[in-house]
Amino acid sequence: MKKIIISSVVMTVMLFATAAFATIKVGLLSDLTGPTSSVGVPYAQGIKDCAAYVNANGGINGEQIELIQVDYAYNVQQALSAYKRFKSKGIVALQGWGTGDTEALVRFVSRDKIPVFSASYSPHLMDPSKAPYNFTIAPDYSTQGRAGLKYIKDTWTEKRAPRIAFVYPDKPYGHVPLPAMKEYAKELGFEVTGDETLDLKAMDATPQLLGLKKQKADFVWVGGTTPSTAVLMKDAEKLGFKGKFLVNIWGNDENLAKMAGPACEGNLGMQAAAVYGQDVPGMKIIETETKGQPQMTHYLRGFVSTMVMVEGMKKAAANGKITGENIKNALETMRDYDPMGLAPAISFYPEDHRPSMAVNVCTVKNGKLEFVQTVSLPRDAKWLGK
Amino acid sequence: MLKCGLFFTSYNKEDQFFTSMFQKTCLGLFIGAMLIAPQVLDFYYISVMNLIMIAAIGAVSLNLLTGVCGQMSLGHGAFVGVGAYGCAILASKGLPFIICLLGGGAFAALAGMFFGIPSLRLKGIYLAISTLAAQMILEYVFLHWSALTGGANGMPVDPPSIMGFSFDSDEKMFYLIFGVTILCVLGISNIIRSRSGRAFIAIRDFYQSAENVGVNLFQFKLQAFATSSFIAGIAGGLWAYYTMYITPEQFSISLSISYLAMIIVGGMGSVTGAIFGAVFITLLPEVLNTTTSLLSSFAPDISSLMAPLKEGIFGLTLVLFLIFEPEGLVRKWKLIKAYWKLYPFAY
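For the record, the sequence lines run as chains A and B. According to the working numbering, the stretch in the first sequence is residues 57 to 442, in order. According to the working numbering, the stretch in the second sequence is residues 40 to 386, in order.
None of these hints come from the bench; they were simulated from the model. Just so you know, even glycine gets a beta-carbon here, dropped at the ideal spot from N, CA and C. Hints are supplied without guarantee of correctness; some may be wrong.
[Unchecked claim] Derived list of chain B stretches under chain A, where covered just means 3 residues or more per stretch with a C-beta under 8 Å from a C-beta of chain A: (1) 191-204; (2) 221-233; (3) 274-284; (4) 288-300; (5) 319-330.
[Unchecked claim] Calculated from the model, a selection of chain B residues having no Cβ within reach of chain A, i.e. all distances over 10 Å: (6) ASP54; (7) LEU66; (8) LEU90; (9) TYR179; (10) PHE217; (11) GLY218; (12) ILE240; (13) PHE245; (14) ALA249; (15) PHE257; (16) LEU261; (17) SER335; (18) ILE375; (19) LYS376.
Same shape as in the complex, but just chain B (with noise of 0.2 Å):
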């Protein structure tokens, strides 16, 4: 929705990400405290801060695939998986840092091309199957190769350095994090206006139109994977910096699971929704933690009570965006901003 008031003079100017200065001011301020914030914050938020960011690369990445592109998986959390083992194992090599963030997003992309593969005959249910092979899979080989991955005793991974400038810190790591977090965001909404992200979408609303209108499907869905698997690698990585010792159990369903949520519960198809949903799943049990913990201090009996509920409370609220808001946080995000734009002449 265009402010009121707000005409285009060029296609440059129409073709902008960011379209007022509204916009504009209230980007920099948000860059503007995420830059200050290590300096003022307690590093257990900036730790908290560093892991949204981390998954919203993740579901940002998803997103790509399922909520733009159509293409359903539960594979996710092992494509992370190959691209923190893929930049673990450059690491143990002396390669320097960006070549292992890249080489681990690259590794991660091939393994998504080639489970992708089936996505041409498969789609729903099918492909979800297909991919949770690819889950089952990869996680044989995180396991089992471990003249490669360290099997069951994983591996460590030193804390990056960028020309000579250790990254051995939360708060250092926060900016490092934040960097390739804005470049991954950037990218992908990117791709999404570009003439393949395009392409995605009308796979994604019918197959069949897209490819009476000249969209080779499977070269694009193939794309749709190779991307979104690299993006995922670029955050397996960095979750294998920031943690410095990576096992297999760390990449099981249950990441893939909670991307898919992450993407649910913000809003399919949408960057902005993806990025609310990881902060949502990130906090959720940081929350209900601290809700635990506070009740404790006044009433034990309640807090052992509140403990078993977590879980409960945590497929409940899943269960309740899925009725009651459907289209995820984004939407109501929208909403809140429609109703300020249009105070107070609502109808």
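Chain A with its partners taken away, still in its complex shape (with noise of 0.2 Å):
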């Protein structure tokens, strides 16, 4: 009779203990060792810490998030096995990382009804009628290059048209907002001056400079990494080049003026989330959260993203159930989700997953990244998924 009882009880504390350590599983997909790793650690950083604050904080009504992390060292094929483990382990919802990967499994993420949140802000990802299980916390790379057009354009005070030229990377990451970011600047008022192409690993940027300075360029955009822009910076002081930068999200954060030196100092960049340290309502979680060390901005952006997720789950569940499907169908009905100020407020629609179309504007100052301004641009149907 004692064994009954004692079986008993063990079994019941095991049921309670099983139902208390009820988990939802998300994958995160890093790259911790490849040719992004120094972005991509910070990144997956933020997420980690993220979801272990929401962990701390009761979890989704209880239910506590279990992060599965794969390092796919950017490659596409692991990238693909990575996903199929991280199904057999039952995630409901997907933290990714890179372009070549998102768009690899789109139609498998589809397919399987699991949202993903990637670091990739490609435009056509934001087309629900081509990825309609694909979100970011970020706008595309498109709306971020127009939105630091219009800044420029704001700010600009001589009479003359401001001409602006391009340097890129000849792969698929630098080519994509080109043609929208074009056609935005003419219809601003432009002067479109010519393209240059400088590799991702350049060690020389002069023979890109020499050509930007025949076409007198008052505004490069720059759409490479943070080494490939440091060493155009770096050159163009060199050889006296007067124009100034507007770098992508992926070109300037705090390693730049680290790389670069005085010579990134005053040049434009553009991010989506919050600097570390700006006085945003958000800021003391992330400096409890990370003991008061400094971190990447990128490092906020994969905070803000596991926030936005953790927002659809916990909508998914007042609905009913925490599912791929449910979690996708909650986020679209997400207006104006304040993420503490970390980044600006964010919406989704069924037809439109853009989450915003305001872009943070920031510069270096004394070998600082700053927040300079937020730049917002109106939700246009006709730049959707361009």
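Relying on the hints, combine the two individually framed chains into one complex.
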């Protein structure tokens, strides 16, 4: 009899324990060792810290988030098998990463009804008719570029039209926003002077700068990553190039000042999340989570990406069960969700997955990345997916 | 090596692929196990097996060109890409699966022949650089010919269907890929045994001697490029159908290097070796990932140190293979077979 009572107690405790530790599984596809690891590591850390914060504060209706992380080293084939591993473990959502893998997974996630929050901001991933289960927390590259152009035009004081040139790597990532930006630049009254290509691993940008000098560009949009941007800026200083650089989201961060030194001072860059230490309500949580250790803006973007996913899960739970399809449906009803100021307010629509049309313009001042202004554009349907 | 007591009574029997009953039984068991696999395995493992089989087709095709014919190629990933894009373009026109797959292969064969033309004048490192140029040119075409390839945005591909049956899951795709892999491997193995195959080997061993005995170097080198690229195109087509979305990034130089690594690790010039290499190179990151995630549950600090080591381990494996087993995994396989064949009288 004694044995039966003890067994029953143990069984009951185990059942309760299972219920108490019920988890919501989320895949975390990270580049920790590949070519984009310098930004992939802080981004993944932001996701992990946000999940830990949510779990420590009651989880989602008492359920904990369990992140299953795989380092795919920016290799599409490895991303594919990582996704299958996630799926076999029963994930309901995925925190993805790069353009190549996000695009390769578009049709898999649609078929399996698993929402993906990636750091790839290709415009066609914002169009639900092409990528119904893809979400991001930053506007697409084209919107970011348009916002940068608008900022320049609004602050341009001379009577003549500003001249703009484009420098980008001859890769899909570099090409994606070009047609949209050139069209919008012309619409705003810019004079588009030309293009130069600069490899992401470039050690020297002299030929490109000689071309830019010949084109007398007042502004140069830079579509590379931080190392190539630093090379461009240092060579620009060396050659006495007077134009100002407008750098995309992956080309300007806290590392730029370390790499380019004073050459990057005063140039402009686009960002989607706040800068560490910025005066926004959510920064206190970030500072507590990171014990006051400054983090890159990519970390904050990873944090916000998880916040939005969690909000979708909470809404899905309120509507029924937390499943991939319910999270997607819940997200599509999200309107002006404020991630405590850590990023501009986010809305998703069933026919439009652009999170917002607001972009943060930043600059480097005294070696530090600083927020300048948020530029908002209208949610124009003709820009969706382009 | 023939088994003791195995005698042939006709040329046909000597010409057989599998000369003993034991080999045939093993093959039958293997095929049986493969056919059952999707019914019993988790779809993660099925997916990995699909990737391995696609890689095996690519590796076997490169093996024909580099391992058998001695023509170095650093552009194989791009030929796979031509097949994938060719297949996707034909599929977008509504053509049936078989036509698209073969058409993709045909496009790749044409590209291979075109870039194989310099092989008459170039060899070794010079040919490697010329094929590297092919890789760059084709990557440029994938990205810039956006009207045809979708450019930076890539191309969606619908799952294949044969007579109304859609291969829209990992399990269904497994059978399709397995069937095509068997055909490709048997095809390449037979080519190696044919007149062309013997000419390829003669060219690889010493091109002047080959020419002296009447081998038309240009014709056979081009034939090697065409056949190899055709099979690579088939691998590309399967990849396009399996992933359902192709972009230029998927067919970069790293894919070409990956295929080279497969035939080096597996064993140059051997079809079995190329398959071993494909299995090894595809599984290596999976094993490293599993090890890292297992470690992370016990010691998070160690796993964060392990992660950056992964790339190093991959490189180190290649170097160790080159130093200690330059003939690849296939030699180890032969040694194991010989051990059991001679056991217990090794000497």
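Self-check item: Violations among the numbered hints
Solution: 2, 8, 9, 17
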